[in-house]
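Asker: Now for the letters of each chain:
Protein chains: 2
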Amino acid sequence: MERSFEAELSKIKNALLMMASMGERNVNMAMRALVERDDSLAETVESEDTQIDALEVQINNMAIEYLARQAPVAIDLRFIITVVKICSDLERVGDQAVKIARRARELNKEPLLKPCIDIPRMCQMALEMLRLSLDAFVSHKIELIAEIENRDDMVDKINRQLYRELTSYMIETPQTITRCLNLMAVSRHLERIADHANNIAKKVYFLYEGKDISHQKTVPGTS
Amino acid sequence: MERSFEAELSKIKNALLMMASMGERNVNMAMRALVERDDSLAETVESEDTQIDALEVQINNMAIEYLARQAPVAIDLRFIITVVKICSDLERVGDQAVKIARRARELNKEPLLKPCIDIPRMCQMALEMLRLSLDAFVSHKIELIAEIENRDDMVDKINRQLYRELTSYMIETPQTITRCLNLMAVSRHLERIADHANNIAKKVYFLYEGKDISHQKTVPGTS
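Going line by line, the protein sequences match chains G and W. Under numbering that gives the first Met the number 0, read the first sequence as residues 0 to 222, first letter to last. Under numbering that gives the first Met the number 0, read the second sequence as residues 0 to 222, first letter to last.
Excised from the complex, chain G in its bound form (with noise of 0.2 Å):
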């Protein structure tokens, strides 16, 4: 029973893994049509979203069986519910790649406005504060949700300083509005991507702390 039991939670565990390492290679792969100009990958990341929406479903029938089944208490219990509420977060992330993946598409049908930089390292910050937060879940580690919360401060930065630099940019130009509102859109796309990793963050601490800091600023005992 008892090995049952286990076999089963780390069987949830396995898909949600799976299910974020979909969603990353997804915002990769939007992010390559992007800087590629690649209509394909594009095309590509739009079909593959349904894999990743299908381990949604997947996971959460899951974890309603593992909760009839065992009926479980205390930090198993808190381990389900916080792996459905992380399932929708990854769910988020790929209909983020998505939409990274329809504004690359706009954007490729222009002539580059100018060479991307800061686009790919918000992306590279994001995904990176995914793989954390899955990490911290993983592997109990607490110590990784203060550094995501820096993170995600710093990608919150980088989007409101795009935001500035291309308004400017559009008012200068107004040739350039279209692809400006289509790299503005890209920026807060990541900026969300970032956010759930820190949801996520916040939800591994619930689960290994036993309260809930979604709504507080700073992680305590962290700053």
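Simulated from the structure, these hints should not be mistaken for lab results. Every residue gets a Cβ at the ideal spot worked out from N, C-alpha and C, and that includes glycine. Check each hint, because a few of them may be wrong.
Footprint (simulated), chain G over chain W, 3 or more residues, beta carbon under 8 Å [unchecked claim]:
1. 72 to 79
2. 126 to 139
3. 204 to 214
Computed far set for chain W versus chain G, every beta-carbon distance over 12 Å [claimed, not checked]:
4. 10
5. 12
6. 13
7. 43
8. 67
9. 91
10. 113
11. 115
12. 116
13. 143
14. 153
15. 157
16. 165
17. 171
With the hints as your guide, set chain W onto chain G.
Answerer: Just chain W, lined up with the frame of chain G:
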């Protein structure tokens, strides 16, 4: 035993309805901050959002306690999982209200661009969808779900139309760019509120029909 179990479920349901009505009130207040150009309303939205956040934490804790104590199965188990998920959508509706309030404050710094007609209309449509989705949840009205989906398509359409109109406006009159960007953002936030209502509707379908349609375009048997 039976009675305490029902009382607990009913308490959770009422807390969720209270959260929805606080979200609706804040969205309305943010819209008034914009239409009436009243910064003090925008400030109230920002400060009252903490109450919505606190309610989310409270509902999550109630749900976890309920699961631990009652170990529900079948419909009652799905009910609680649905509550946890709806709760997270409602918290995000509150966040969108805050974001609209912030954009209203930015817009109030500059002269009025043009009388707002589409935006308050979108707002009322999104809030009506939210009410319908909660009604479908509380009163087990599956037939409302297709109606919510139709309205979501209408809100998406208005959002896309506003995006195009405001883009043209920016190109013709570059001095309106910052105002147009703020109005675009408000329109996008309203579209996301409608999305949350649509998400809730799909979760309600899952609750009562036991099937997950989150990633299907059309509700089975309604098109």
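Asker: Could you let me know if the closest chain G CB is still more than 12 Å away from the CB of residue 165 of chain W?
Answerer: 9 Å, violated
Asker: Report holds if the minimum CB distance from residue 43 of chain W to chain G is greater than 12 Å, and violated otherwise.
Answerer: The claim stands: residue 43 of chain W keeps its Cβ more than 12 Å from every Cβ of chain G (closest is about 18 Å).
Asker: Would you check whether the claim that residue 143 of chain W is not at the interface survives, using Cβ distances to chain G and the 12 Å cut-off?
Answerer: 22 Å, holds
Asker: Within the segment 204 to 214 of chain W, is the number of residues with a Cβ closer than 8 Å to a Cβ of chain G three or more?
Answerer: Coverage by chain G holds for the segment 204 to 214 of chain W (3 residues, Cβ < 8 Å).
Asker: Three residues or more, CB to CB closer than 8 Å: is that satisfied between the segment 126 to 139 of chain W and chain G?
Answerer: This one is violated; 0 residues, fewer than the three required, reach chain G with a Cβ under 8 Å.
Asker: Quick check for students: does the CB of residue 157 of chain W sit more than 12 Å from each CB in chain G?
Answerer: Correct as stated: the minimum Cβ-Cβ distance to chain G is 18 Å, above 12 Å.
Asker: Find the nearest Cβ of chain G to the Cβ of residue 115 of chain W and say whether that gap is larger than 12 Å.
Answerer: 21 Å, holds
Asker: Can we confirm that no CB of chain G comes within 12 Å of the CB of residue 12 of chain W?
Answerer: 18 Å, holds
Asker: Mind checking, does the segment 72 to 79 of chain W have 3 or more residues with a CB under 8 Å from chain G?
Answerer: Coverage by chain G holds here, the residue count being 4 at a Cβ distance below 8 Å.
Asker: Take a quick look at residue 67 of chain W and tell me if its Cβ sits farther than 12 Å from every Cβ on chain G, holds or violated.
Answerer: 5 Å, violated
Asker: When you look at the beta carbon of residue 91 of chain W, is every beta carbon of chain G farther off than 12 Å?
Answerer: Not fine: 10 Å to the nearest Cβ puts residue 91 of chain W too close to chain G.
Asker: Checking a non-interface call: every C-beta of chain G should be farther than 12 Å from the C-beta of residue 113 of chain W. Is that right?
Answerer: Per Cβ check, residue 113 of chain W is outside 12 Å of chain G; nearest 18 Å; holds.
The earlier numbered hints that this structure contradicts are 2, 8, 9, 16, 17.
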